[in-house]
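Visitor: Go ahead and model the full structure; you've got the sequences and the hints to work with.
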Amino acid sequence: MRGDRLLFSGLDLTLDAGGAALVTGPNGAGKTSLLRLIAGLLRPEAGRVEMDGRLAFGAIEPALDRELPLERALLYWARIDGGGAAEVATGLAAMGLAPLAEVPIRMLSTGQLKRAGLARVIGSGAEIWLLDEPANGLDTEARGRLESAIADHRASGGIVIAATHQPLALPDAVEMTIGAAG
Amino acid sequence: MSALFAIARRDLRRSFTGSGWLLPLIFFLLVATLFPFAIGPDPTVLGRVGGGALWTAALLAALMPIDRLIAPDRDAGVLDQYAVRGISEEVVAVAKIGAHWIGFGPPLMLAALPASAMLNMDMDGLLKLEAGLALGSLGLAALAVTVSALVAGLQSGGALAGLLMLPLAVPVLIFGAGALDDLQRGAFALLGAAALLLVAVAPFATGAAIRAMRD
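Chains L and D are the protein sequences, given in the same order.
Note that our numbering has the first sequence beginning at 1, numbered continuously upward.
Note that our numbering has the second sequence beginning at 1, numbered continuously upward.
Worth flagging that the hints you see were computed from the coordinates, not collected in a lab.
Beta carbons: idealized from backbone N, C-alpha and C, even for Gly.
Warning: the hint list may mix true and false statements.
To be verified - Stretch-level coverage of chain D by chain L, calculated; a stretch enters the list once three of its residues show a Cβ under 8 Å from a Cβ in chain L:
| # | stretch |
| --- | --- |
| 1 | 10-19 |
| 2 | 41-49 |
| 3 | 83-91 |
Claimed, not checked - Residues from chain D that face chain L, not an exhaustive set, calculated with beta carbons under 8 Å:
| # | residue |
| --- | --- |
| 4 | A3 |
| 5 | A6 |
| 6 | D67 |
| 7 | R214 |
Guide: Listed below in structure tokens is the structure:
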């Protein structure tokens, strides 16, 4: 529900280790709302969400302090997640951001900021990744890095749920289309 | 527990690296400077009304940081990231209140030194003012965080924040200014009670406000 409007109903999705789901639908259909609902940020009007494992939420908002260098901004979240510099380095390397480690967040471009948000998810060590429009603003190379990071994560038993309206290679992903009928 | 300190440390760093902590302080000093111009230079009159004037200034200074306490973290998705990590909104609120008080209370107490001199307050009055500010600023910091969370999602939040915060801060003002008067013996204890009540309620009110703005 958003306001008084019913966004979606009758959704049923079960993912096992290594599984992935791709949520598609037009703008405003409720893809972000669905992810926020899975993340526990919104309460469902009816139904429930169950999960086993830790969650990492790659939201639209980067949630990185603008005045800090990239590495330190990521380190803040890594520490809260119980990690440290090693986890940050993993994330940075996976998204090809290592050369930008000392650059302040406010100097990053849209695509670089998106990659920084993904680097946090990759370094979080969480089993379940929720990715909201992960391919937004990414160039071909960065998208390739994202796809291989997702593949690695799934190969090691992780789960990925991505909402996007851009092409993203997710082999054998469960496809969910919401709001198509309007 | 470690998340609590991490959040508080981040908020502290942000308030001291930005100019955020300086603005309320300058505002407080400005009011203390303007007051003698308005009242006139008579030292006895200034000494008598000075304490009350500084308490009013402290209250208004507490309004200044409201727009940067919660709203930026909400817009940047920081509050959502805390929630996803299972950090309760109340813990976030406690961390923010603690950090905000450290960035607000002690600087204010420091600024009260020159301010009290400008208003010709004696040593006894200054000591009472400092003790009162130490307690009162804790209550004001807690209230500021709560009001900040309540107005974070609103269009003209800044204007509403004043209307919301000042009435709730009146007990702190009354007992804070009252504690400067030798005849009002219970005022200091009541100031403590008023401040602690604000501190006790604030984390829950702030937590509920943060949750409410997600829907």
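Visitor: Each hint should be assessed against the structure and marked as holding or not.
Guide: Verification of the supplied hints:
1. 10-19: holds (count 4)
2. 41-49: violated (count 0)
3. 83-91: holds (count 4)
4. A3: holds, 5 Å
5. A6: Holds, about 5 Å.
6. D67: violated, 16 Å
7. R214: holds, 6 Å
Hint compliance for this structure: hints 2, 6 are broken, all remaining hints hold.
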